[in-house]
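Peer 1: The chain contents come next:
There are 2 protein chains.
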Amino acid sequence: MVSERAASGEDSLIARYFKPLATDAGAFGLDDDAAALQVRSGEEIVVTTDAIVEGVHFLKDDPPDTVARKALRVNLSDLAAKGAATAGFVMTLALRGVDDSWLAAFARALGEDARAFGCPLLGGDTVSTPGPLTVSITAFGRVPAGKMVHRSGARPGDRVLVTGTIGDAALGLEILKGGRIGHAFVDDHPGRDALVARYRVPEPRNALALVVRDYASAAIDISDGLAGDLTKLCAASGVSALIDLPSVPTSAPAAKLLSQGATTIETLASGGDDYEILCTVAEARSEALAAAAQRAGVALTSIGTVIAGFQAPRFLDGEGSEIVLKRLSYSHF
Amino acid sequence: MVSERAASGEDSLIARYFKPLATDAGAFGLDDDAAALQVRSGEEIVVTTDAIVEGVHFLKDDPPDTVARKALRVNLSDLAAKGAATAGFVMTLALRGVDDSWLAAFARALGEDARAFGCPLLGGDTVSTPGPLTVSITAFGRVPAGKMVHRSGARPGDRVLVTGTIGDAALGLEILKGGRIGHAFVDDHPGRDALVARYRVPEPRNALALVVRDYASAAIDISDGLAGDLTKLCAASGVSALIDLPSVPTSAPAAKLLSQGATTIETLASGGDDYEILCTVAEARSEALAAAAQRAGVALTSIGTVIAGFQAPRFLDGEGSEIVLKRLSYSHF
Chain G
1 MVSERAASGE DSLIARYFKP LATDAGAFGL DDDAAALQVR SGEEIVVTTD
51 AIVEGVHFLK DDPPDTVARK ALRVNLSDLA AKGAATAGFV MTLALRGVDD
101 SWLAAFARAL GEDARAFGCP LLGGDTVSTP GPLTVSITAF GRVPAGKMVH
151 RSGARPGDRV LVTGTIGDAA LGLEILKGGR IGHAFVDDHP GRDALVARYR
201 VPEPRNALAL VVRDYASAAI DISDGLAGDL TKLCAASGVS ALIDLPSVPT
251 SAPAAKLLSQ GATTIETLAS GGDDYEILCT VAEARSEALA AAAQRAGVAL
301 TSIGTVIAGF QAPRFLDGEG SEIVLKRLSY SHF
Chain S
1 MVSERAASGE DSLIARYFKP LATDAGAFGL DDDAAALQVR SGEEIVVTTD
51 AIVEGVHFLK DDPPDTVARK ALRVNLSDLA AKGAATAGFV MTLALRGVDD
101 SWLAAFARAL GEDARAFGCP LLGGDTVSTP GPLTVSITAF GRVPAGKMVH
151 RSGARPGDRV LVTGTIGDAA LGLEILKGGR IGHAFVDDHP GRDALVARYR
201 VPEPRNALAL VVRDYASAAI DISDGLAGDL TKLCAASGVS ALIDLPSVPT
251 SAPAAKLLSQ GATTIETLAS GGDDYEILCT VAEARSEALA AAAQRAGVAL
301 TSIGTVIAGF QAPRFLDGEG SEIVLKRLSY SHF
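Going down the list, the sequences are from chains G and S.
Numbering-wise (my numbering), the first sequence opens with residue 1 and increments by one.
Numbering-wise (my numbering), the second sequence opens with residue 1 and increments by one.
Since the hints were derived computationally from the structure, they do not count as laboratory data.
Incorrect hints may appear among the rest.
Said to hold, decoys possible - One-sided excerpt, in silico: chain G residues whose CB lies under 7 Å from chain S:
#1 V90
#2 G131
#3 S136
Unchecked claim - Restricting the straight-line Cα-Cα distance to at most 25 Å, the calculated cross-link-like pairs of lysine to any residue (SDA-like) are:
#4 G/K147 - S/D24
#5 S/K19 - G/A236
#6 S/K147 - G/A236
#7 G/K147 - S/V98
#8 S/K177 - S/K256
#9 G/K19 - S/A145
#10 G/K147 - S/T23
#11 G/K19 - S/A236
#12 G/K19 - S/G153
#13 G/K326 - S/S12
#14 S/K147 - G/P120
#15 G/K147 - S/E43
#16 S/K147 - G/E43
#17 S/K19 - S/A85
#18 G/K147 - S/Q38
#19 S/K147 - G/K60
#20 S/K256 - S/S321
#21 S/K177 - S/G157
#22 S/K147 - G/S41
#23 S/K147 - G/D24
#24 S/K147 - G/R142
#25 G/K60 - S/V98
#26 G/K147 - G/G118
#27 S/K147 - S/A299
#28 S/K256 - S/K147
#29 G/K147 - S/D31
#30 S/K147 - G/F28
Cβ atoms here follow ideal geometry from the backbone N, Cα and C, with glycine treated the same way.
Taking the hints into account, I'd like the entire structure generated from these sequences.
Peer 2: This is the structure:
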């Protein structure tokens, strides 16, 4: 539309930076008004959309390559949790202006991730904004028809599992904001950097997607914090859960902060931006799931059990006493 | 992710305003991380994405219902031009805060358009932004595999046609911005309102989508102005065109301004936001196309001819003299 798509502006910007990413035949080299997503017989398309806003979901000083990766990966994480194989994505980039070195680094990293995750750029829109840089991505995945994994399938007796480690990104954000926990890492730059990297560049568990599809009774990606997202999964399934907090997997730097009393497991369990998969599995299938996860190379840890009931999930300490989390997750609105 | 998707904020906002719109089974009531788009055998999915930004693509004072309709319709227009039947859409809404009366009116109009155009809401994301309100929509259409209409299929000898009337939205924007042409309508409020409405709420030609699919050799939706978008279509097809400017269809209020010398046909042909379809058709099929368009109830006007060559399209006045357009379309970057 006027003011954003004319030959001299957006078209050349797209040609320069994003056309090289449009390797899929259905992208038509970004030369058309739309893309075509080919679908095999018996498949359906899983669609997810997530935007990141400068100053809200990433920081003004975050490097362009991390912004690109985060924008794509928060969407890839949803596809993984739904058991979908990656198929492609479209992107809307709202920019204040054209900064060539920023765009070049952004596009290069986006292209690397698109290749690494098998999720090609199919199309997009660049618009001018007087506001913060915003990257809005809609990503597509493939599943056999009816096989998308839902939040709503958890049943009493199922095990509750999470991939990777929990709470690192929330700690990384606290460090970037100059929080006190940064002091614990004055002599441990790798520990500090690992937590910051977990905030800036999530590691979506797409390697586990087909395992989730084949074994999980329910799944959700953890974006708002383990506690908050588990609460949503339980609500959607009409169940509750008992979580053994000491079982919640933590990274080495997070464990160091816990041992120093600089953070608490409650903080980690209610922090956000993990982009790990939280899933449930029938007890009878949990061994087979563990073996499949190991083959996929993704750490998967059992942290509790689904129980009957409609109350919020409960979190127990090492002695089996309930710990009441002060907040489940954070909301900006 | 943190700061935007927690139960107390975004979830309740979505439940209140957007869940009633999620009537398609594949939307799962907006209660999951993703939607599922069912695909029939032999179909492929056409994907298009367009965002509108307050102060750039719509004005701060535009009513919420017109913002909703414009956000969806600029995407529907792309689907129509590609010959695709509407299938659904996802939306990312970047808001500064929650204004209930604004959101209620926005959601109501969005739901009305979704029903009217058979394009249900499948999913979305609401994010907080300190910047301008931005609505980013990705819309899906269906075509038999390989049948999407491209920009690149125009051949010398084809006729060039446009739907509806050209230039109204650009005039409407000029009026809203307090331009001098507003004076022509001091005693003609219906004329003024008609032009403003064309800017605020495009009329996408989805009623013609299957006709375009079955007859057009190439098509594009006119978002940046007839001249600019025709130039893109010709470039993609490796052809040129001769356009008879007096044949370009104009509305009654636009014709009134032309007759008063208050605007020029060049201005109309290079204005933006028309959201009409520009298409080409083989001469031998043009009568059948005209008949099909009439059955579909969409005005379709022949305005010129595709010719061989690589130069930009040429615009001729009533005497056959070339008129050089000062600008083809407008770019913000």
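Peer 1: A separate judgement is required for each hint: does it hold in the structure or not?
Peer 2: Hint-by-hint comparison with the structure:
1. With a cut of 7 Å, the hint placing G/V90 at the interface with chain S holds, because the nearest CB-to-CB distance is about 4 Å.
2. Checking G/G131 against chain S: minimum C-beta separation of about 2 Å stays under 7 Å; hint holds.
3. For G/S136, the suggested interface contact is upheld, since its CB lies about 4 Å from the closest CB of chain S, less than 7 Å.
4. For the suggested pair G/K147 and S/D24, the alpha carbons sit about 17 Å apart, so the restraint of at most 25 Å is met.
5. For the hint linking S/K19 to G/A236, the alpha-carbon distance of about 15 Å falls within 25 Å, and the restraint holds.
6. As the CA atoms of S/K147 and G/A236 are separated by approximately 39 Å, the hinted pair breaks the 25 Å bound.
7. Between G/K147 and S/V98 the CA atoms are separated by roughly 36 Å; this puts the pair beyond 25 Å, and the hint is violated.
8. Note on S/K177 and S/K256: the hinted pairing holds, with a Cα-Cα distance of about 20 Å set against a maximum of 25 Å.
9. Distance restraint check for G/K19 and S/A145: the Cα-Cα separation of roughly 23 Å lies within the 25 Å cut-off, and the hinted pair is therefore satisfied.
10. With a CA separation close to 20 Å, the supplied pair G/K147 and S/T23 stays within the 25 Å bound.
11. The hinted pair formed by G/K19 and S/A236 meets the criterion: a straight-line CA distance of about 15 Å does not exceed 25 Å.
12. For the proposed pair G/K19 and S/G153, the alpha carbon gap of about 20 Å is at most 25 Å, so the pair holds.
13. Annotation: proposed proximity of G/K326 to S/S12 holds, straight-line Cα distance about 20 Å (limit 25 Å).
14. For a cut-off of 25 Å, the pair hint linking S/K147 to G/P120 stands: about 21 Å separates their Cα positions.
15. Of the supplied pair hints, the one linking G/K147 and S/E43 holds, its CA atoms being roughly 19 Å apart against a limit of 25 Å.
16. Distance restraint check for S/K147 and G/E43: the Cα-Cα separation of roughly 19 Å lies within the 25 Å cut-off, and the hinted pair is therefore satisfied.
17. Restraint check for S/K19 and S/A85: satisfied, since their Cα atoms lie roughly 23 Å apart, inside the 25 Å limit.
18. For a cut-off of 25 Å, the pair hint linking G/K147 to S/Q38 stands: about 12 Å separates their Cα positions.
19. Annotation: proposed proximity of S/K147 to G/K60 is violated, straight-line Cα distance about 43 Å (limit 25 Å).
20. Taken as a hint, the S/K256 and S/S321 pair is honoured in the structure, with Cα atoms around 24 Å apart against an allowance of 25 Å.
21. Our distance criterion of 25 Å between C-alpha atoms is broken by S/K177 and S/G157, whose separation comes to about 41 Å.
22. Restraint check for S/K147 and G/S41: the C-alpha separation of about 17 Å stays at or below 25 Å, so the hint holds.
23. At roughly 17 Å between alpha-carbon atoms, S/K147 and G/D24 fall within 25 Å of each other, so this suggested pair holds.
24. With a C-alpha separation of about 21 Å, the suggested pair S/K147 and G/R142 falls inside the 25 Å cut-off, and the hint holds.
25. Our distance criterion of 25 Å between C-alpha atoms is met by G/K60 and S/V98, whose separation comes to about 24 Å.
26. Between G/K147 and G/G118 the CA atoms are separated by roughly 20 Å; this keeps the pair inside 25 Å, and the hint holds.
27. Taking the CA atoms of S/K147 and S/A299, the gap is near 23 Å; set against the 25 Å cutoff, the hint holds.
28. A distance of roughly 40 Å separates the Cα atoms of S/K256 and S/K147; the hinted pair therefore is violated under the 25 Å criterion.
29. Distance restraint check for G/K147 and S/D31: the Cα-Cα separation of roughly 17 Å lies within the 25 Å cut-off, and the hinted pair is therefore satisfied.
30. For the proposed pair S/K147 and G/F28, the alpha carbon gap of about 13 Å is at most 25 Å, so the pair holds.
Violated hints, in rising order: 6, 7, 19, 21, 28; the structure is consistent with all others.
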